[in-house]
Amino acid sequence: MFPGQVGVIDVVVIGAGHSGLAMSRVLGERGIEHVVLDRGQVGNSWRTERWDSLRLLTPNWMSRLPGYAYRGDDPDGYMSSQQVLEFLENYRNWASVPVTSDTLVTSVAADGSGYRVATSRGVWLCRAVVLATGGFSQSFVPRIAEGMPRGVQQLHSRDYRNPEQLAKGRVLIVGGSATGLQLAQEVHGSGRPVTLAVGEHVRMPRVYRGRDIQWWLLASGLLDRRIQEEEDPERARRVPSPQLTGTSGVTLDLNLLRDQGVEIVGRLAGIRDGHAQFSGSLWNTCMLADLKLNRLLSAIDQWAARTGCAPHVGPPVRYAPSAVDDRARLSLDLEEEVATVIWATGFRPDYSFLEVPVLDHKGRLKHDRGVISEPGLYVLGLPYLRRRKSSFIHGAEDDARELGAHLADFLASVGSRLRFAARL
Amino acid sequence: MTTQSVSVENGVNVAALLGAREALSQAPEAARFKWRATSKWLKGTHSRATVEGFFGLGGEQTHRQPFQFDSDHPEIFAAEDNGAAPVELVLVALAGCLTAGVAAVAQKRSIQLKSVSATIEAPMDLQGILGIDPNVRNGFDRIKVHYEIDADASAEEIAALVAQSQKRSAVFDAITNPTEVAVTTSKA
Numbered sequence: 001m002f003p004g005q006v007g008v009i010d011v012v013v014i015g016a017g018h019s020g021l022a023m024s025r026v027l028g029e030r031g032i033e034h035v036v037l038d039r040g041q042v043g044n045s046w047r048t049e050r051w052d053s054l055r056l057l058t059p060n061w062m063s064r065l066p067g068y069a070y071r072g073d074d075p076d077g078y079m080s081s082q083q084v085l086e087f088l089e090n091y092r093n094w095a096s097v098p099v100t101s102d103t104l105v106t107s108v109a110a111d112g113s114g115y116r117v118a119t120s121r122g123v124w125l126c127r128a129v130v131l132a133t134g135g136f137s138q139s140f141v142p143r144i145a146e147g148m149p150r151g152v153q154q155l156h157s158r159d160y161r162n163p164e165q166l167a168k169g170r171v172l173i174v175g176g177s178a179t180g181l182q183l184a185q186e187v188h189g190s191g192r193p194v195t196l197a198v199g200e201h202v203r204m205p206r207v208y209r210g211r212d213i214q215w216w217l218l219a220s221g222l223l224d225r226r227i228q229e230e231e232d233p234e235r236a237r238r239v240p241s242p243q244l245t246g247t248s249g250v251t252l253d254l255n256l257l258r259d260q261g262v263e264i265v266g267r268l269a270g271i272r273d274g275h276a277q278f279s280g281s282l283w284n285t286c287m288l289a290d291l292k293l294n295r296l297l298s299a300i301d302q303w304a305a306r307t308g309c310a311p312h313v314g315p316p317v318r319y320a321p322s323a324v325d326d327r328a329r330l331s332l333d334l335e336e337e338v339a340t341v342i343w344a345t346g347f348r349p350d351y352s353f354l355e356v357p358v359l360d361h362k363g364r365l366k367h368d369r370g371v372i373s374e375p376g377l378y379v380l381g382l383p384y385l386r387r388r389k390s391s392f393i394h395g396a397e398d399d400a401r402e403l404g405a406h407l408a409d410f411l412a413s414v415g416s417r418l419r420f421a422a423r424l
Numbered sequence: 425m426t427t428q429s430v431s432v433e434n435g436v437n438v439a440a441l442l443g444a445r446e447a448l449s450q451a452p453e454a455a456r457f458k459w460r461a462t463s464k465w466l467k468g469t470h471s472r473a474t475v476e477g478f479f480g481l482g483g484e485q486t487h488r489q490p491f492q493f494d495s496d497h498p499e500i501f502a503a504e505d506n507g508a509a510p511v512e513l514v515l516v517a518l519a520g521c522l523t524a525g526v527a528a529v530a531q532k533r534s535i536q537l538k539s540v541s542a543t544i545e546a547p548m549d550l551q552g553i554l555g556i557d558p559n560v561r562n563g564f565d566r567i568k569v570h571y572e573i574d575a576d577a578s579a580e581e582i583a584a585l586v587a588q589s590q591k592r593s594a595v596f597d598a599i600t601n602p603t604e605v606a607v608t609t610s611k612a
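So the sequences go chain by chain: A and B.
Numbering (our numbering) for the first sequence: 1 to 424.
Numbering (our numbering) for the second sequence: 425 to 612.
If you are wondering where the hints come from, they were derived from the structure by calculation, not from laboratory data.
Among the hints, erroneous ones may be present.
[As the list claims (entries may be wrong)] Each computed EDC-like pair below joins lysine to aspartate or glutamate, with the alpha-carbon atoms no more than 20 angstroms apart: (1) B/K591 x A/D232; (2) B/K458 x B/E476; (3) B/K532 x A/E234; (4) B/K532 x B/E580; (5) B/K568 x A/D326; (6) B/K591 x A/D290; (7) B/K532 x A/D232.
Just so it is clear, the structure is predicted and the values come from calculations on it, not from any experiment.
Input sequences plus hints: build the corresponding full structure.
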């Protein structure tokens, strides 16, 4: 495809990450003609948007895509970004996924009875479009960042690589999920003092009763939990990612960081007159996380007892409550005391290229478990799209199969592509 | 969690609250409220505040009747002690908000409450408000709230009630997070 060229096809899949590759495989199995477009190469964000020491939060044995399991010799290890990339590339080759790389989608618009996908390299006319760009396309920084004093270096975790890129001096890390905690540990280890601002968070041990926590979540069915079983689906989708690190046997939590010398403070609530202001709710957010952790462990223990796997695993344990300093500071002089602020405040999906009325008043995609409100549009790979595992590599297969089946029915209902092409 | 199908009655209309949540998520404008109070100086440190009207659901609303709150300082401050100290009213507001939340969350989780008592203590160094030491803040050093709750639930479920109540509390948020306060004047 070149600028000015027009291609006709049944389905355009946007994004050649694990979700897009999985969907391609499913469509291929059904004999549905499609193309997978990516702004860069396969697994682009793994190539360009990850820090050096990052490891997957799931053990290698869990990594799988339709028809393809992990084949390496370290099933209990955790992949580096480079290894994830190799896994995706190997899959692409194995499944002969028709990826068109370096193709930026600039718009998706309705066109007759289908869609017109405009790209930096020509136009595709298609019946259906699958958005597989994921939930993490744009780095998110809260608006309070606007009040940051000029002398303070700021970066989002997406642009962080290693501590050497940071000035000497205190680093304020904003965010209490896996990223914030991992960066806090690494930056603190480089000799820079670290203050970590923590809001609501999810605490989890790396290993519980002798097994990786992800094993428990998978085996007990928690990762297969369906979104429609949730009392409050919107809230379930917003639950932050657990505080985990991809290091064998290491539980990274606030207690560990605190013992290592990281200063833990409440959620960054505002910036005023050059001072960061932290919420006084740290006690409660830690208490909530501890209560939820214990509820999770109790659910696991009950499942283990019920299914009889308990004799083969270690005994139940409970962890020390999160230690909260009741004199945790409520403000920090950014100009005087902080050299760098790292925003570990997550990502948002990017739907700016959609010229189809499928966003609600808050800019969220209107969809039912991946089936978008306009016929022929699909999304996958978003957190808890259909199942709790939806955004994970191993979670792509089930969603892709179900949405692929829906898509196949849709194509059958709207008739053959030939009639569509004849209209041109 | 204990789930009882019948007979949990904490006097909270959870169905109405959930209905309101659903309705207001569809009509975000109606969710924009304005709370108001007026206050008149009486004498010395004694004032009387009144709350009556507020704005919400797209229109003016009123309480069933006006409510008045006297505030003053205690006698050890050479005042007449005609009412609670304003800082104590802050604690009263926090207790009222958190306890309302405990009842609502308990009802939602089908937990029958038998008794709920809160004790609040908030140390303060008066060297702040008296201008003796500029490094001492005017407000509380911290606030400690302790709940003693008798309910048909485990200690952990009770702790979760109180934790969830804080998460959804307006006064807890107003105290723990910064709020822009604009005070203007006019000559009467």
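Consistency of the hints with the structure:
1. B/K591 x A/D232: holds, 16 angstroms
2. B/K458 x B/E476: holds, 12 angstroms
3. B/K532 x A/E234: holds, 18 angstroms
4. B/K532 x B/E580: Between B/K532 and B/E580 the Cα gap is close to 16 angstroms, so the pair holds against 20 angstroms.
5. B/K568 x A/D326: holds, 10 angstroms
6. B/K591 x A/D290: holds, 14 angstroms
7. B/K532 x A/D232: Holds. B/K532 to A/D232 sits at ~13 angstroms (cutoff 20 angstroms).
Every hint from the earlier list agrees with this structure, and none is contradicted.
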